[in-house]
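J.: What follows is each chain in one-letter form.
There are 6 protein chains.
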Amino acid sequence: MKISARNALKGTVKSITPGAVNAEVVIEVAPGLEVTSIITKASADNLGLVVGSEAYAVVKASNVMLAVE
Amino acid sequence: MKISARNALKGTVKSITPGAVNAEVVIEVAPGLEVTSIITKASADNLGLVVGSEAYAVVKASNVMLAVE
Amino acid sequence: MKISARNALKGTVKSITPGAVNAEVVIEVAPGLEVTSIITKASADNLGLVVGSEAYAVVKASNVMLAVE
Amino acid sequence: MKISARNALKGTVKSITPGAVNAEVVIEVAPGLEVTSIITKASADNLGLVVGSEAYAVVKASNVMLAVE
Amino acid sequence: MKISARNALKGTVKSITPGAVNAEVVIEVAPGLEVTSIITKASADNLGLVVGSEAYAVVKASNVMLAVE
Amino acid sequence: MKISARNALKGTVKSITPGAVNAEVVIEVAPGLEVTSIITKASADNLGLVVGSEAYAVVKASNVMLAVE
Chain L
1 MKISARNALK GTVKSITPGA VNAEVVIEVA PGLEVTSIIT KASADNLGLV
51 VGSEAYAVVK ASNVMLAVE
Chain R
1 MKISARNALK GTVKSITPGA VNAEVVIEVA PGLEVTSIIT KASADNLGLV
51 VGSEAYAVVK ASNVMLAVE
Chain H
1 MKISARNALK GTVKSITPGA VNAEVVIEVA PGLEVTSIIT KASADNLGLV
51 VGSEAYAVVK ASNVMLAVE
Chain V
1 MKISARNALK GTVKSITPGA VNAEVVIEVA PGLEVTSIIT KASADNLGLV
51 VGSEAYAVVK ASNVMLAVE
Chain W
1 MKISARNALK GTVKSITPGA VNAEVVIEVA PGLEVTSIIT KASADNLGLV
51 VGSEAYAVVK ASNVMLAVE
Chain D
1 MKISARNALK GTVKSITPGA VNAEVVIEVA PGLEVTSIIT KASADNLGLV
51 VGSEAYAVVK ASNVMLAVE
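So the sequence lines, in the order shown, correspond to chains L, R, H, V, W and D. All letters in the first sequence, in the order written, are residues 1 to 69 by our numbering. All letters in the second sequence, in the order written, are residues 1 to 69 by our numbering. All letters in the third sequence, in the order written, are residues 1 to 69 by our numbering. All letters in the fourth sequence, in the order written, are residues 1 to 69 by our numbering. All letters in the fifth sequence, in the order written, are residues 1 to 69 by our numbering. All letters in the sixth sequence, in the order written, are residues 1 to 69 by our numbering.
Hints were generated in silico from the structure; no laboratory data involved. Since this is a predicted model, take the numbers as computed values, not measurements. We put the CB at the ideal spot given by N, CA and C, even for glycine. Be a bit skeptical, because a hint or two may be false.
Stated by the list, open to error - Derived PhoX-like pairs: lysine-lysine, alpha-carbon spacing no greater than 25 angstroms straight-line:
hint : chain 1 : residue 1 : chain 2 : residue 2
1    : H       : K41       : R       : K14
2    : R       : K14       : D       : K2
3    : V       : K41       : V       : K14
4    : R       : K41       : D       : K41
5    : D       : K2        : D       : K41
6    : D       : K2        : L       : K14
7    : H       : K10       : H       : K41
8    : H       : K41       : H       : K2
What the hints assert, rightly or not - So these bits of chain D aren't anywhere near chain R, every CB distance computed over 12 angstroms:
hint : residue
9    : K14
10   : N46
11   : A67
12   : V68
13   : E69
Using the sequences plus the hints, can you model the full thing?
T.: This is the structure in structure tokens:
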């Protein structure tokens with residue numbers, strides 16, 4: 001499946017913290033550069049994610065804000 | 001200001017494409033790793049963004065999906 | 001690519017309205033049931049969407065609200 | 001109340017899975033076509049949702065991505 | 001219609017800036033307290049919004065970030 | 001840090017309800033005007049939020065819907 005989301009950053013699962021409904025998953029997308037995701041626990045299971053898995057962090061462009069110092 | 005968004009990826013503005021209301025801004029957050037953002041044109045102006053500026057791509061964790069091949 | 005978004009509704013493109021940065025795309029996902037999407041114009045082009053194309057409307061569960069009458 | 005969200009799909013609650021803060025609610029919006037929502041548990045209670053209730057799945061157009069196979 | 005979004009701030013339309021696809025609408029929700037919204041131009045038209053209209057700014061709780069100084 | 005999100009409403013933390021992964025935080029942004037946020041529990045901890053803290057509710061304009069009665 002090819003998706004309209006402009007951002008798909010390839011990485012490796014560093015940690016998975018499951019809750020009752022959601023799970024927090026951290027992906028390392030470049031050395032030292034981590035992205036944190038909250039998805040449903042059901043989705044994390046469906047994707048077969050475990051620590052060390054390859055995965056993409058996918059973000060719709062309209063959900064990316066910008067900031068400056 | 002310190003924000004709750006878990007993801008703030010530091011990078012450099014590569015391009016800015018303005019529309020009537022929104023602008024598309026591309027940030028390079030690691031060599032060859034780009035993140036695309038849609039923000040209001042007013043925000044892009046307020047932040048003083050130009051090509052070459054330093055900026056952070058900020059994403060709330062609940063807006064990050066995961067995908068596997 | 002298999003994505004964590006819980007919702008992927010298959011349908012047919014009914015209309016595409018391009019703006020400077022974004023495009024509005026309407027998908028019919030069941031007879032008489034339409035879903036409207038705003039994606040970047042670049043994404044609409046990348047996906048090769050035209051009226052009559054098959055496409056999926058993909059929505060992260062945390063972006064679905066519920067309402068009652 | 002009339003809302004700007006372009007998408008309001010009428011359906012029937014199929015399941016409700018409560019967590020500590022959020023609840024996952026599945027709505028059938030057409031025969032065999034389900035939409036999954038994560039809302040706060042407080043909202044699910046406020047709306048009086050139970051399995052079998054009529055409800056609308058409401059999605060802002062900017063939160064709908066598109067995908068093709 | 002009663003919606004699951006936890007936040008519905010009542011206010012008055014201060015300005016409407018239309019683009020090709022989207023419109024930017026500013027609502028004053030308390031004296032001197034403004035909220036800016038981007039909705040589709042079609043939605044702004046459907047709701048009959050004009051400067052001076054009463055309107056609610058509706059935000060899903062999962063789309064509210066927090067920040068501290 | 002200066003962020004592109006158009007909405008940053010200053011207020012006071014009224015309540016914090018922690019779950020396994022997320023926390024629900026209510027901010028009073030004007031007398032009697034509350035905004036509810038769902039952020040990760042880790043973020044709530046990182047920001048040092050407690051009842052009575054000053055905090056900003058930050059919302060990207062594309063995540064604000066409008067409604068009329």
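J.: Could you run down the list of hints and mark each one as holding or not?
T.: Hints versus structure:
Simply put, K41 (chain H) and K14 (chain R) have alpha-carbon atoms about 18 angstroms apart, close enough for the 25 angstroms limit, and the pair holds. Annotation: proposed proximity of K14 (chain R) to K2 (chain D) holds, straight-line Cα distance about 19 angstroms (limit 25 angstroms). Proposed proximity of K41 (chain V) and K14 (chain V) is supported: the alpha carbons are some 16 angstroms apart, at most 25 angstroms. The suggested pairing of K41 (chain R) with K41 (chain D) is violated, with an alpha-carbon distance near 32 angstroms, which exceeds 25 angstroms.
For the proposed pair K2 (chain D) and K41 (chain D), the alpha carbon gap of about 23 angstroms is at most 25 angstroms, so the pair holds. Pair hint K2 (chain D) plus K14 (chain L) does not hold up; C-alpha atoms about 29 angstroms apart against a cutoff of 25 angstroms. For the hint linking K10 (chain H) to K41 (chain H), the alpha-carbon distance of about 20 angstroms falls within 25 angstroms, and the restraint holds. With a CA separation close to 23 angstroms, the supplied pair K41 (chain H) and K2 (chain H) stays within the 25 angstroms bound.
Remark: the non-interface label on K14 (chain D) is consistent with the geometry, its nearest Cβ contact in chain R lying 16 angstroms away (cut-off 12 angstroms). At roughly 8 angstroms from the closest C-beta of chain R, the C-beta of N46 (chain D) falls inside 12 angstroms, breaking its exclusion from the interface. A cut-off of 12 angstroms between C-beta atoms confirms that A67 (chain D) is not in contact with chain R; the least separation is 20 angstroms. Distance check for V68 (chain D) against chain R: the nearest CB is about 21 angstroms away, which clears 12 angstroms, and the non-interface claim stands.
Look at E69 (chain D): its CB is around 26 angstroms from the nearest CB on chain R, clear of 12 angstroms, so calling it non-interface holds up.
The structure fails to meet hints 4, 6 and 10 from the earlier list, while all remaining hints are met.
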